[in-house]
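Listed below are the residues making up each chain.
2 protein chains.
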Amino acid sequence: MLTPRYISEQLQILQNRICTALEQADGKGKFVEDIWQRADGGGGKTRILSNGNIIEKGGVNFSEVFGKVSENMQEKLGMPAGNFFATGVSIVMHPHNPFVPIIHMNIRYFELETQNENIYWFGGGIDLTPHYIDRDDARFFHQTLKNTCDKFDYAFYPHFKHWADDYFFIKHRNETRGIGGIFFDKLQEDLKHSKQDFYDFWWAVGETFAPLYTELMHKNATKPYNERHKQWQKIRRGRYVEFNLVYDAGTKFGLESDGRIESILMSLPPEAVWLYDFQPEVGSPEAETLALLRKEIDWLSS
Amino acid sequence: MLTPRYISEQLQILQNRICTALEQADGKGKFVEDIWQRADGGGGKTRILSNGNIIEKGGVNFSEVFGKVSENMQEKLGMPAGNFFATGVSIVMHPHNPFVPIIHMNIRYFELETQNENIYWFGGGIDLTPHYIDRDDARFFHQTLKNTCDKFDYAFYPHFKHWADDYFFIKHRNETRGIGGIFFDKLQEDLKHSKQDFYDFWWAVGETFAPLYTELMHKNATKPYNERHKQWQKIRRGRYVEFNLVYDAGTKFGLESDGRIESILMSLPPEAVWLYDFQPEVGSPEAETLALLRKEIDWLSS
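These protein sequences, in sequence, are chains W and Z.
Residue numbering for the first sequence is 0 to 301, as defined by numbering that gives the first Met the number 0.
Residue numbering for the second sequence is 0 to 301, as defined by numbering that gives the first Met the number 0.
Hints are computed from structural coordinates only; laboratory data are not their basis.
Fair warning: this is a prediction, and the values are worked out from it, not measured in the lab.
Check before you lean on any hint, since a few could be wrong.
Distance ranges between label pairs, derived from CB positions [to be verified]: (1) W:112 <-> Z:150: 57 to 63 Å; (2) W:33 <-> Z:32: 34 to 40 Å; (3) Z:150 <-> W:31: 54 to 60 Å; (4) W:118 <-> Z:32: 52 to 58 Å; (5) Z:187 <-> W:170: 18 to 24 Å; (6) W:82 <-> Z:173: 24 to 30 Å; (7) Z:34 <-> W:80: 48 to 54 Å; (8) W:73 <-> Z:112: 33 to 39 Å; (9) Z:217 <-> W:229: 31 to 37 Å; (10) W:112 <-> Z:188: 51 to 57 Å; (11) W:112 <-> Z:3: 51 to 57 Å; (12) W:170 <-> Z:1: 34 to 40 Å; (13) W:36 <-> Z:36: 19 to 25 Å; (14) Z:150 <-> W:50: 51 to 57 Å.
Each residue gets a CB set at the ideal place from its N, CA and C atoms; glycine is no exception.
Can you make the complete structure from the sequences, with help from the hints?
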């Protein structure tokens with residue numbers, strides 16, 4: 000039975016598995032856990048790895064929060080009055096080496112009980128933010144996500160890939176955050192899919208994360224880099240900050256629902272740089288990456 | 000006559016004067032100017048100083064934008080349909096030395112013409128963000144602002160000081176951005192003050208900036224500092240980023256009115272750091288500063 004309790008227990012199993020896999024791949028860093036309680040209901044387990052071999056700063060967070068939809072949440076998040084339950088795992092990894100991409104994953108389950116209805120939904124996604132786009136890595140990343148999607152419904156990958164392009168977009172820069180991935184929200188049973196179907200898909204996305212990212216860690220972590228690469232990494236991390244603080248719905252939900260600030264903002268990079276009007280040299284690898292931060296690129300055949 | 004043209008010309012004179020004063024105080028850095036045009040009307044002159052003796056990155060921006068209130072501005076900024084005119088000077092200075100405070104100043108003039116009315120208003124303010132709070136500097140800063148205010152109306156300083164405490168507040172951290180200053184908006188003629196009165200006050204605020212900040216530069220720029228101070232500076236700069244991207248109305252107005260992104264985001268620091276759950280040592284100067292990032296402190300008698 001897909002009860003909130005069951006789903007939240009499964010998410011904690013996933014958190015454990017992913018932390019183990021990342022520690023193994025990193026070879027040095029260990030996750031440190033903070034357990035926190037939310038005043039109005041629920042809490043979470045935040046796990047942070049700092050200064051590993053490969054990961055400079057990363058978090059694998061579990062949370063389960065519930066209670067009354069506050070007036071603030073109604074006003075700022077447009078939610079109806081009632082009771083909510085939200086549980087999820089959220090991951091962001093910032094590596095040392097600029098040739099290892101930043102990755103983000105989130106899977107979340109939501110229930111809402113209002114005067115008129117009881118609803119639930121699944122949401123989530125995985126997206127990749129390379130500081131330098133490598134076409135082979137991009138193809139591998141998108142092909143892996145497509146393989147996971149295709150096991151359930153051939154319509155999923157194109158639909159959720161498009162959604163990711165739209166979502167992970169820094170409007171004021173007219174740039175995507177990275178090469179996208181998949182993003183989905185408010186999945187509820189329909190004529191074609193049961194609740195169990197969506198749960199199975201959603202779970203499969205969670206299980207896709209560890210093998211996918213550890214492969215990209217292994218492949219790129221020993222590539223040599225210099226100060227110029229490091230500087231560009233910090234500039235791109237600045238863009239990551241801009242996206243997360245200006246647009247990200249998960250960050251907004253966390254801040255407006257009185258989540259734990261340090262757990263929400265673990266997604267921010269260890270260090271970021273803003274240079275006034277920085278323009279990469281024409282023809283440089285930095286300019287090449289910038290030119291690819293566009294929606295609707297077909298990474299599978301590129 | 001306080002026409003938009005006259006006001007905008009005066010602001011450009013102020014921009015020139017302030018840039019000259021800052022270059023002189025810095026002793027090395029020179030402002031570089033970018034002139035930009037806004038597609039739907041107006042434009043600006045952005046002046047950036049990088050890697051001076053004292054200033055690491057700073058901007059003194061003039062802009063004058065006008066045109067139709069776009070649907071986006073109506074939706075995102077809650078403005079009515081009509082035509083607007085906005086002109087102002089905005090300044091943010093990020094110094095090298097952690098013992099020199101960050102400063103922000105903005106003065107702006109706004110006109111709005113709708114079906115029902117023609118209105119104008121003056122807005123602005125100056126606020127200080129020390130990485131380490133120095134009580135003498137704080138008293139000097141607030142006393143200088145009070146002196147400017149008191150020349151016009153004894154009610155101004157307490158009212159606008161309170162407004163700054165409320166405005167420059169990082170709600171999700173429950174911290175003020177710094178030690179506040181003065182903030183005011185929508186000043187329109189009333190029973191006690193004519194348009195000219197408010198203009199004179201507003202102009203006096205603009206003229207207060209250069210002598211005030213150059214004094215703080217001179218006083219603190221040669222204080223010795225080490226890596227620990229530098230690290231704390233970068234953490235506080237991270238909070239500056241959080242305020243500007245999550246809450247600042249000027250940044251929001253710029254982004255939603257299709258202003259020039261690099262001019263709007265010149266306020267972001269050259270470098271910022273986010274450490275997970277950093278807590279300064281009990282009794283340290285960092286902890287002392289953190290304890291003072293509170294609303295409603297009377298800096299004049301502290």
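Okay, the hints, checked on the actual structure:
1. In this structure, residue 112 of chain W and residue 150 of chain Z meet the distance hint of 57 to 63 Å, their C-beta atoms being roughly 59 Å apart.
2. The given range of 34 to 40 Å is broken by residue 33 of chain W and residue 32 of chain Z, whose C-beta atoms sit roughly 48 Å from each other.
3. The given range of 54 to 60 Å is respected by residue 150 of chain Z and residue 31 of chain W, whose C-beta atoms sit roughly 55 Å from each other.
4. The hint said 52 to 58 Å for the Cβ distance between residue 118 of chain W and residue 32 of chain Z, and at roughly 55 Å that hint holds.
5. Checked against the hint of 18 to 24 Å, the pair residue 187 of chain Z and residue 170 of chain W fails, with Cβ atoms roughly 33 Å apart.
6. The hinted range of 24 to 30 Å is satisfied by residue 82 of chain W and residue 173 of chain Z, whose Cβ atoms lie roughly 26 Å apart.
7. Checked against the hint of 48 to 54 Å, the pair residue 34 of chain Z and residue 80 of chain W passes, with Cβ atoms roughly 51 Å apart.
8. Range check, residue 73 of chain W to residue 112 of chain Z: Cβ separation about 34 Å, and the 33 to 39 Å hint holds.
9. Between residue 217 of chain Z and residue 229 of chain W the C-beta distance comes to about 34 Å, which sits within the given range of 31 to 37 Å.
10. At about 52 Å, the CB distance of residue 112 of chain W to residue 188 of chain Z agrees with the hint of 51 to 57 Å.
11. At roughly 54 Å, the beta-carbon separation of residue 112 of chain W and residue 3 of chain Z lies within the given 51 to 57 Å, and the hint holds.
12. Evaluation of the 34 to 40 Å hint for residue 170 of chain W and residue 1 of chain Z yields a pass: the beta carbon distance comes to about 36 Å.
13. Separated by about 53 Å at the C-beta atoms, residue 36 of chain W and residue 36 of chain Z break the suggested range of 19 to 25 Å.
14. Take residue 150 of chain Z and residue 50 of chain W: their Cβ atoms lie about 54 Å apart, and the range 51 to 57 Å holds.
Comparing the model with each numbered hint stated earlier shows that hints 2, 5 and 13 do not hold.
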